[in-house]
Amino acid sequence: MGEYFFWALLAIFLIISLPGSALAQNFGSWRPPGSAEEAAKARELVKSLSQIRVRHNLRPLEPDLDLCKAADLMIRVLVEKDPVTAAPALNLGRAMDLAAPLSQAGVRGQVVSEFRMYWSGDVQPAVEALLGEANIKKDLLWSVFSRVGARVQKLTKSRTAAIVILGAGYIDVGHYGRQVLELVNQARAKVGAQPLKWSQAAADVAMTRAREIVARPDHRRPDGRDWVTAVQEAKLQGSAFGENIATGQREPGEVMASWLNSPGHRNNILNPAFNRLGVGALAGPDGQLRWTQLFLTQREDN
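Using my numbering, the letters of the sequence shown correspond one by one to residues -5 to 296.
Heads up, some of the hints might be wrong.
[As the list claims (entries may be wrong)] The calculated lysine-lysine pairs, modelled on BS3-like cross-linking and capped at a C-alpha distance of 30 Å, are:
| # | residue 1 | residue 2 |
| --- | --- | --- |
| 1 | 41 | 63 |
| 2 | 184 | 41 |
| 3 | 148 | 132 |
[Unchecked claim] Pair by pair, the computed Cβ-Cβ distance ranges are:
| # | residue 1 | residue 2 | range |
| --- | --- | --- | --- |
| 4 | 49 | 116 | 17 to 25 Å |
| 5 | 242 | 194 | 24 to 32 Å |
| 6 | 102 | 53 | 37 to 45 Å |
| 7 | 228 | 149 | 52 to 60 Å |
| 8 | 53 | 29 | 27 to 35 Å |
| 9 | 74 | 194 | 47 to 55 Å |
| 10 | 45 | 228 | 27 to 35 Å |
| 11 | 49 | 29 | 27 to 35 Å |
| 12 | 220 | 150 | 54 to 62 Å |
Don't read these hints as lab results, they were simulated from the structure.
For each residue, glycine too, the CB sits at the ideal point set by N, CA and C.
Please take these sequences and the hints and turn them into a complete structure.
Structural data, given as structure tokens:
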């Protein structure tokens, strides 16, 4: 009994100590871009953001050097275009295009979100103010985000600017596709429609279309042809086909909610004639996911 009690206490101690240990390991040797003072502030900022995640039972953020490079490129543009005197105490605008700095920094295939902020005085009050902004709080506490890049810029003696980029790292497209299939079949079950089966051939075409809607986010292909020509080129056999596309949703549940709230997309999902589904998901150069569903009707022996 005494030995069991000892090991139970040790386990509790380890669980309690893990977040702090992880934070120390993540941020102790990390050297963000900027001067020594700016780098120290960036570490303080990101550590504070991670502590908020830990308080909500999420893993702390891992510093990502490529995301830091992108943040460094962005803050140069921000400081040039946004005079200090015009900036509010906390500027959460997101008008800057992410594709160029992400590409220059070598960031590809990551889902990302960016925010920028200005503050005077200490970092901690500015970080706590972020939690009052619904979109920022949602991003910060989004479980898919696991990486972070930050660049702090000292503007004046008392004024500081920062850009923070949150990243999701590698997205398991196959897992996401299967999750979408499960959610589709849950929706179909509610209206008495038969479940769809996974089609890898359709998923391959859906991935082709996901790459294409990075350049042209509609049902026309980049060269102007209709989407169904991608099916024809792949020689995918079927008597009926349907396509749903979406941009920006980060998880299967989010994109499915969006599709189900749109009559045309919902009709494809619930169409009793379809019996196969393939799903494509791809992070574009701007860090936003592109989604494609390809529905089809095939004979069972196919």
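Verdict for residue 53, residue 29 (Cβ pair) under range 27 to 35 Å: Holds, at about 30 Å.
Within 37 to 45 Å or not, the Cβ separation of residue 102 and residue 53? Given about 23 Å between the Cβ atoms, the range is violated.
Between residue 74 and residue 194, is the Cβ distance one that fits in 47 to 55 Å? 48 Å, holds
Given a hint of 17 to 25 Å, does the C-beta separation of residue 49 and residue 116 actually sit inside it? Given range 17 to 25 Å: holds, Cβ gap about 19 Å.
For the pair supplied as a hint, residue 148 and residue 132, is the alpha-carbon distance within the 30 Å limit? 27 Å, holds
Using the beta carbons of residue 242 and residue 194, state whether their distance is inside 24 to 32 Å or not. 26 Å, holds
Against the range 52 to 60 Å, how does the distance between the Cβ atoms of residue 228 and residue 149 compare: consistent or not? 54 Å, holds
Quick one: are residue 45 and residue 228 within 27 to 35 Å, going by C-beta? At 49 Å between Cβs, range violated.
Would you check the hint for residue 41 and residue 63, treating anything up to 30 Å between C-alpha atoms as holding? 18 Å, holds
Would the hint linking residue 184 and residue 41 be met if the CA-CA limit is 30 Å? 45 Å, violated
Given the range 54 to 62 Å, decide if the beta-carbon distance of residue 220 to residue 150 lies inside it. 56 Å, holds
When you take the CB atoms of residue 49 and residue 29, is the distance between them in 27 to 35 Å? 30 Å, holds
In terms of the numbered hints stated before, the structure departs from hints 2, 6, 10, listed from lowest to highest.
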